[in-house]
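**Student:** What follows is the residue order along each chain.
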Amino acid sequence: MKKDIAYVATEMLPELPAPVNTHGPIAWMRANLFSTTRDSVLTILFTVVVLLALYKLLPWLLIDSVFLADSLRNCREIDTGGCFAVVVSRFNQLIFGFYPPQLYWRPILTFVLMFVAFAPLLHDNLPRKMLWFTAVYPLLAYWMLWGGAIWGPLLILAMVAGVYFVYQYASKTLSAGLSLLAALAFVVVWLLFIQTNLSDAITSTIGFVGLEPIESDKFGGFLITFVIGVTGIVASLPIGIVLALGRGSDMPTVKMICVGFIEFIRGVPLITLLFVASTLLNYFLPPGTNFDLILRVIIMVTLFAAAYMAEVIRGGLAALPRGQYEAADALGLNYWQGTQLIVLPQALKISIPGIVNTFIGLFKDTTLVSIIGLLDPIGIMQPIRSTAEWNGIVWELPIFVGLVFFIFCFTMSRYSMYFERKLDTGHRN
Amino acid sequence: MTVASDFADEAEPFRISQLIYDKRYRSYTIQVVTIMMFMLAVAWLVNNVVENFRELGKDFSFSFLFDAASYDINQRLIDYSSDSPHWRAAVVGILNTLVVAVLGCIFATVIGVAVGVARLSKNWLVSRLMTIYIEGLRNVPVLLWILLASTAFSAILPSPRQAVPLLGGGFVPTNRGFYLPAPVFESGAMFLGILFLASLVAAWIFKRWAAARQQATGEILPVLWIRLGIIIVPTFLMYFILGMPIGLELPELKGFNFQGGLYVRNSFMALWLALSLYTGAFIAENVRAGIQAISHGQTEAASSLGLPASRTMNLVVLPQALRIIIPPLISQYLNLTKNSSLAIAVGYMDITGTLGGITLNQTGREMETLLLVMLFYLVVSLLISAAMNIYNSSVALKER
Chain A
1 MKKDIAYVAT EMLPELPAPV NTHGPIAWMR ANLFSTTRDS VLTILFTVVV
51 LLALYKLLPW LLIDSVFLAD SLRNCREIDT GGCFAVVVSR FNQLIFGFYP
101 PQLYWRPILT FVLMFVAFAP LLHDNLPRKM LWFTAVYPLL AYWMLWGGAI
151 WGPLLILAMV AGVYFVYQYA SKTLSAGLSL LAALAFVVVW LLFIQTNLSD
201 AITSTIGFVG LEPIESDKFG GFLITFVIGV TGIVASLPIG IVLALGRGSD
251 MPTVKMICVG FIEFIRGVPL ITLLFVASTL LNYFLPPGTN FDLILRVIIM
301 VTLFAAAYMA EVIRGGLAAL PRGQYEAADA LGLNYWQGTQ LIVLPQALKI
351 SIPGIVNTFI GLFKDTTLVS IIGLLDPIGI MQPIRSTAEW NGIVWELPIF
401 VGLVFFIFCF TMSRYSMYFE RKLDTGHRN
Chain B
1 MTVASDFADE AEPFRISQLI YDKRYRSYTI QVVTIMMFML AVAWLVNNVV
51 ENFRELGKDF SFSFLFDAAS YDINQRLIDY SSDSPHWRAA VVGILNTLVV
101 AVLGCIFATV IGVAVGVARL SKNWLVSRLM TIYIEGLRNV PVLLWILLAS
151 TAFSAILPSP RQAVPLLGGG FVPTNRGFYL PAPVFESGAM FLGILFLASL
201 VAAWIFKRWA AARQQATGEI LPVLWIRLGI IIVPTFLMYF ILGMPIGLEL
251 PELKGFNFQG GLYVRNSFMA LWLALSLYTG AFIAENVRAG IQAISHGQTE
301 AASSLGLPAS RTMNLVVLPQ ALRIIIPPLI SQYLNLTKNS SLAIAVGYMD
351 ITGTLGGITL NQTGREMETL LLVMLFYLVV SLLISAAMNI YNSSVALKER
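Heads up: the protein sequence lines correspond to chains A and B, in order.
Residues in the first sequence are numbered consecutively from 1, following my numbering.
Residues in the second sequence are numbered consecutively from 1, following my numbering.
Just so you know, the hints here were simulated from the structure itself, not pulled from any lab data.
Wrong hints could be hidden among the right ones.
The calculated lysine to aspartate or glutamate pairs, modelled on EDC-like cross-linking and capped at a C-alpha distance of 16 Å, are [to be verified]:
id: 1; chain 1: B; residue 1: Lys-23; chain 2: A; residue 2: Asp-250
id: 2; chain 1: A; residue 1: Lys-349; chain 2: A; residue 2: Asp-124
id: 3; chain 1: B; residue 1: Lys-58; chain 2: B; residue 2: Glu-285
id: 4; chain 1: B; residue 1: Lys-122; chain 2: A; residue 2: Asp-39
id: 5; chain 1: A; residue 1: Lys-422; chain 2: A; residue 2: Asp-39
id: 6; chain 1: A; residue 1: Lys-218; chain 2: A; residue 2: Glu-326
id: 7; chain 1: B; residue 1: Lys-207; chain 2: B; residue 2: Glu-219
id: 8; chain 1: B; residue 1: Lys-58; chain 2: B; residue 2: Glu-252
id: 9; chain 1: B; residue 1: Lys-23; chain 2: A; residue 2: Asp-39
id: 10; chain 1: A; residue 1: Lys-349; chain 2: A; residue 2: Asp-250
id: 11; chain 1: B; residue 1: Lys-338; chain 2: A; residue 2: Glu-263
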């Protein structure tokens, strides 16, 4: 055999590199940048534009810019570029506003604890007992930020426990709906008659135990953005779920009220609602009630976000196949059981991208509070600009604020994409 | 059948507890309770308002609308002076809102479509730059963009004396605003306008005729070129026959400022540009998603039918993509219209600035002014959504 075929190679030929025009950077550029004449023209045009922009901006932004100086004039003496020293020297104000510096640990700790509170919601493998902390966190955050006696938050905790017992006790004899009403009545009675009186009584007998109270007008910078944004979104989620369920209800009056609320809120700009918060909301409350502007803004922002949230969740409910509702009925579950165990877990999962988008939108929209005079990052630029040291600063502050917003919003949108993929456990094509 | 009717005949007498435990009656109980609670809440709110008003000695009336506004508005489309009543100030504001909203929607759509298509480009550099544009614009608050645009105009553009007129003197950007040529209508302009409208109608009739002819004979006419001809040629000829009845008045530098032409303030330009760029980024994403949603099989099916690329786009891809793009597009228009209320941040006098701003502060009638402002936005939103619903039902898949 071997003799017959003398020309068979006995060794493999060495591997040659791929031809240059199918592999490597040149091939990549050919395929992706210069594949047609039009492509080449566009590539060259855009390259020139980008290079020109970088050539104009980079020196100002990075090379000639000043990061350490105590006034604008000092900046100009040092170099010709952007004077980012204003951001460095007023950093605390941009973050905390006029919050007392010796108490910065309170907002910082609140911010860190927020991640601890959110962690069990975002990661399944953490111990479920952490959810207790999540439940307590809103009160804790309020108390940490605004300070004051500990008795108020503790009494609210007592009220929540009371609500639980009232509901448990009532549901032994009454239906779910009526027990819910009883619990609601308990809350109203507690808030109207017991809360403040009892809190005052305890303060007068035991004395003041708590943190130094901070007025709302001391709040500013990104602290306001976070307080309003996070509270708004967290509080709007349950309201939004209720509204979405109400909108899908087959009871005409319930449906009408929900649709009316949602469409009204979605039909008007947030700024008009903020005007309502700043000038009008007190008229709707019993005479003599006067509470804090930030709280009023949070209420309106929550209602605003709730309407958008309701639409997002309604989309999730509508995307659920009809069979899921029917399956719940067929198992003999009542409305609340079916909703809680079968419909909502799936509908909320579908709605996660929408919920995150609503949150990003709300986070950006918190800047509107600067128009009604709160010193959020945009509102605080003017006071900083009007000081003697930094008078004449133009671009540096908005660039910094915009960059921070970009980092947060971009991260959140990417995280939601990741979360979406992770939760995509369905078997649809 | 008989079994069911037997049960119905044996129906027990109605008991009160059925209102809670019987599914047939429970919804009535819930609805009655809901209505009662709703009414109670409304009554509580109204009662609070009445008491608060009485305490402050205020009344609820809209008569202030007919008092003199006694403030000036520097940008207006209709006659207005500080002697004009408040309602006229409100109308000026409404028109200003509508102008910036409509122009913003148009420009945002142009940007959005261009960027959205470019983002799908095979050119790596182009698609990357468009991604940067979209992500950069979307993730920063629109209020910041509006303020930045306004700062940019006042800080970068030259003063009128040093301004460089562009486009043959027709377009002068300055730090006080933009000067544009103004059209001047002479006698005969009216006739020209009517002729133009008539040629639009003629072009539309021709399109229907051509479509019917194609259905009947299968012959395709160069519809686009003929229609363009019908629209442009007669008006163009008549323009010269009538001796050019529509001229342009160019802005001229006189003393410290430009005179003549159209003067557009920076506040408007900043608001318009920022809103368009911001909303354009969102629209670009909608456009991209719409185009990507059309499966590749559709394009392949069209080419296997022998349709050329342009017809594939017009007859197969676009009609399907539009069905996906239009609903979110309309909601972007709504967002833009609502965001135009941020005009107040740069001093452009829209409805929020006039009625919800100065009028509110001057008259102290928060309730009435804010109600009217909200009512205006509600009406606009509802009109736009109604238009969207009509469009949606007209393009919805006709299923059996």
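**Student:** Now tell me, hint by hint, if it's right for this structure.
**Tutor:** To see whether the hints hold, each was checked on the structure:
1. Lys-23/B <-> Asp-250/A: 13 Å, holds
2. Lys-349/A <-> Asp-124/A: 14 Å, holds
3. Lys-58/B <-> Glu-285/B: 49 Å, violated
4. Lys-122/B <-> Asp-39/A: 8 Å, holds
5. Lys-422/A <-> Asp-39/A: Violated: Lys-422/A and Asp-39/A sit about 37 Å apart, past 16 Å.
6. Lys-218/A <-> Glu-326/A: Violated: Lys-218/A and Glu-326/A sit about 54 Å apart, past 16 Å.
7. Lys-207/B <-> Glu-219/B: With a Cα-Cα distance of about 13 Å, the restraint between Lys-207/B and Glu-219/B holds, given a limit of 16 Å.
8. Lys-58/B <-> Glu-252/B: 52 Å, violated
9. Lys-23/B <-> Asp-39/A: Cα-Cα ~67 Å, so violated.
10. Lys-349/A <-> Asp-250/A: Violated: Lys-349/A and Asp-250/A sit about 24 Å apart, past 16 Å.
11. Lys-338/B <-> Glu-263/A: Answer holds: Lys-338/B to Glu-263/A is near 14 Å, not above 16 Å.
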